[in-house]
Amino acid sequence: MLRVDALAARLGGMRLRFSLDVSAGECVAVIGPSGAGKSTLLALIAGFEVAESGRVLIDGRDVTALEPVSRPVSIVFQEHNLFPHLDVAANVGLGLHPALRLRPEDHAEIAGALERVGLAGLERRRPGQLSGGQRQRVALARALVRRRPVLLLDEPFAALGPALRQEMLDLLDRLRRDRGLAVLMVSHHPDDARHIAERTVFVHGGEILVSGTTEDVLGASRSTELRAYLGDAPG
Amino acid sequence: MRRLWPGALALLLLASVIAGALGALVSAAPSIELGGLADDLYLRRVVVFTFWQALLSAALSTGLAIPVARALARREDLPGRSWLLKLVSLPLVVPSIVAVFGIVAVYGRSGWLNDFVSFLGAPRWEGLYGLSGILIAHVFFNLPLAVRLLLPLWSAVPGETWRLVAQLGMRSGAIWRLIEWPLLRQALPGVAGLVFMLCFTSFAVVLTLGGGPAASTVEVAIYQALRFDFDPGRAVFLALLELLSCALLVGLGQRFVMAMPSEITPGRAHARPDLKGWLGRGADLLLIGAITVFVALPLAAVAVSGVAGPVGKVLSDDLFWSCALRSLVIALCAAPLALAIGWSLLGMCARLRLAHARPGWADGVELSGSLVIVVPPIVLGTGFFILLSPHVDVYAAGPPLVVLVNALMGVPYVLRVLGPLHRQMSARYERLSENLGLRGLSRLRLVEARLLRRPLGLALGLCAALSVGDLGVIALFGTRDNATLPLLLYQKMASYRMDEAAVIALLLIVMCLGIFATIERAVGGRS
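Chains A and B, in that order, give the protein sequences. In this text, residue positions in the first sequence follow my numbering: the first is -17, and each later residue adds one. In this text, residue positions in the second sequence follow my numbering: the first is 5, and each later residue adds one.
Just so you know, the hints here were simulated from the structure itself, not pulled from any lab data. Predicted model, so just to flag it, every value in this text is computed and none were measured. Treat the hints with care, since some could be wrong.
Stated by the list, open to error - Derived DEER-like restraints, expressed as beta-carbon distance ranges:
hint: 1; chain 1: B; residue 1: Ala361; chain 2: A; residue 2: Glu97; range: 45 to 53 Å
hint: 2; chain 1: A; residue 1: Ala140; chain 2: B; residue 2: Leu448; range: 33 to 41 Å
hint: 3; chain 1: A; residue 1: Ala140; chain 2: B; residue 2: Gly284; range: 31 to 39 Å
hint: 4; chain 1: A; residue 1: Ala90; chain 2: B; residue 2: Ala361; range: 51 to 59 Å
hint: 5; chain 1: A; residue 1: Arg37; chain 2: B; residue 2: Val297; range: 43 to 51 Å
hint: 6; chain 1: A; residue 1: Gly110; chain 2: B; residue 2: Leu94; range: 33 to 41 Å
hint: 7; chain 1: B; residue 1: Gly293; chain 2: A; residue 2: Ser1; range: 46 to 54 Å
What the hints assert, rightly or not - Chain A stretches covered by chain B per the calculated footprint, using a threshold of three residues with CB under 8 Å from any CB of chain B:
hint: 8; region: 19 to 32
hint: 9; region: 41 to 51
hint: 10; region: 63 to 70
hint: 11; region: 74 to 88
Glycine included, C-beta positions come from ideal geometry on N, C-alpha and C.
Work the whole structure out from these sequences, hints included.
The structure is reproduced here in structure tokens:
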């Protein structure tokens, strides 16, 4: 579904180079220290940053030269996913029409998406009246109505407590299986990866140092950098 | 209540100055027949015109600032943008009387505009004096102010938002409707209100460009009552009227007291997606070009006519040098006094907030420093005039009073520039400093002055520049023997010695910017 082929870019003085595959319905976790280039990897795929060379293929189509809006990709950030002055329905509705000119049937779709993320009936709330977890659910609902096959998540649940994070990961897991989404999730918590990701890649110094099944990558960590990143925590 | 005395002292000073001046006004009031004055047709016209011109000025300045600020916000990569922003900020420090000179030189009867117009063979424009001149000058000062206040709103937009906008495919229209306008809408009443207040109490502009009783404001009418008609009763009535209106306006909009951004935050690296269209690009460049010309022309006119004027004659005049020296001394006394008052108040706020857990009192203290916004300098001046005239020669007492009033006028600027940063600093380091026993001067030297060095320099430089260029209270108390440079410039303009006025205007602006830059560099360090 998503193929990143020798994608190269520069971040500050660092050279970045990534190659990666994610199939439909699969979730791949991206772990690694701050400044390693995890978020830049997502920005390159979404088209916010321009690659120097290499390709991004989605569903076999080369999207490297496309504007962000034309790429079949949705992204959820850690925060600032919602416009604070627009209510929940409008925030989700932006995924259907970027100038918010919604048809009657769009409202039904928005309500349906909100129901799927467990926020039925909260259409009229403002983001300020929602908890952190609820705000991220709204962002997921917007990703749902956009119906893009690739979902990128940039530390989406980092600001949430452990129980809530579990809950959100379960929701994410359900949604991607239902829709067959290819999910690439940046996270700082190995637990997140264990919970949801079939495969995990470890990014360090602008490249993917280790890649494999989550169990392998987090288990027998042979790379010094990976061991240093994971610390002494068992497993 | 430990170590609150510096702030308490500052409060006492503020309170006694304001209470003294207001007390004098109020005690003089009963002896005046207020009813008769309220029926005075001329006074009624003055009041109506004061509101009308302030309303128009605020609407024009704020309304035009929106597209200009948007264009500047959109073109972050414009070559020379930082210089452009500096140029656009110039009217904030340029003395109003100098700007008026420049505006006359551009739009006046024999100004550049008419030169150009008659070159084209079109009829000359002779309508500068009156409402149109006042509006041009007020927009010249307040459009840049409004742009500076609005521009930081765009950098407050999180980078994630622009990325989402790009991904969702929003176009310029939708971005404006869904992101920019909601953001601006919250700030606009505050900005417009501030501009309204500034224009409501504007003095030098109306005095010089009003051109007669048909276009006079309350502020100018006070001046005329005291200086020409020797009618203190009318001045007291007008001063009380102005005080009441200002208090009412501030009461209406608590938000008038806006935080002044101490510098324009650098834009984020995330470019917005709607910058490529030719139409948008052309409109932005047109707007940026227009504001540049509008701000630069009067300043250029001051420079050109100043250089061409009788420089030698002005420089060999002793009166010029004594006025310049007096202005300098007044500024160098008023600015530190303003800073001392403002700083003591901020320190008191911090301790009330953190050591005494009295955030409400702290807000009150901070608000009291901005009281001068409610009590215009000319009202203070009138109060002192009434208070002192039975006892001393008020004209001799001029310069110290000017220092005092200029210092009080500077306090709101000190609070706006330093306030947010001081609050941030004390939230982080107040308890640590207490724990380490760092207090008083050693804390000032080791912690505060270092952390806040740049805004301290900015505040002090701003106060000094404003004080050098001020033509307000000095107009009430000034004579030939104790004039300041702005007053001398006004006197030359009033007696139509425009060639000398041109040189003085140029030298005043050089002095003003020189003092501002020197103090900002010396105190704030190189950027």
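Do the hints match the structure? See the list:
Between B/Ala361 and A/Glu97 the C-beta distance comes to about 46 Å, which sits within the given range of 45 to 53 Å. For the pair A/Ala140 and B/Leu448, the supplied restraint of 33 to 41 Å holds, since their beta-carbon distance comes to about 40 Å. Between A/Ala140 and B/Gly284 the beta carbon distance is about 36 Å. The supplied range of 31 to 39 Å therefore holds. Range check, A/Ala90 to B/Ala361: Cβ separation about 52 Å, and the 51 to 59 Å hint holds.
For the pair A/Arg37 and B/Val297, the supplied restraint of 43 to 51 Å holds, since their beta-carbon distance comes to about 48 Å. Restraint check, A/Gly110 to B/Leu94: a C-beta distance of roughly 39 Å satisfies the suggested window 33 to 41 Å. Roughly 48 Å separates the CB atoms of B/Gly293 and A/Ser1, a value that falls within the hinted 46 to 54 Å. For the region 19 to 32 of chain A, the assignment as covered by chain B holds, since 4 residues bring a beta-carbon within under 8 Å of that chain's beta-carbons and 3 suffice.
Here the region 41 to 51 of chain A counts 3 residues with a CB under 8 Å from a CB of chain B, which clears the bar of 3, and the coverage holds. Only residues whose C-beta sits within less than 8 Å of a C-beta in chain B count toward coverage, and the region 63 to 70 of chain A has 4 of them, enough to reach three; the restraint holds. Counting residues of the region 74 to 88 of chain A whose beta-carbon sits less than 8 Å from any beta-carbon of chain B gives 5, enough to reach three: the coverage restraint holds.
When each numbered hint is compared with the structure, no violation occurs for any of them.
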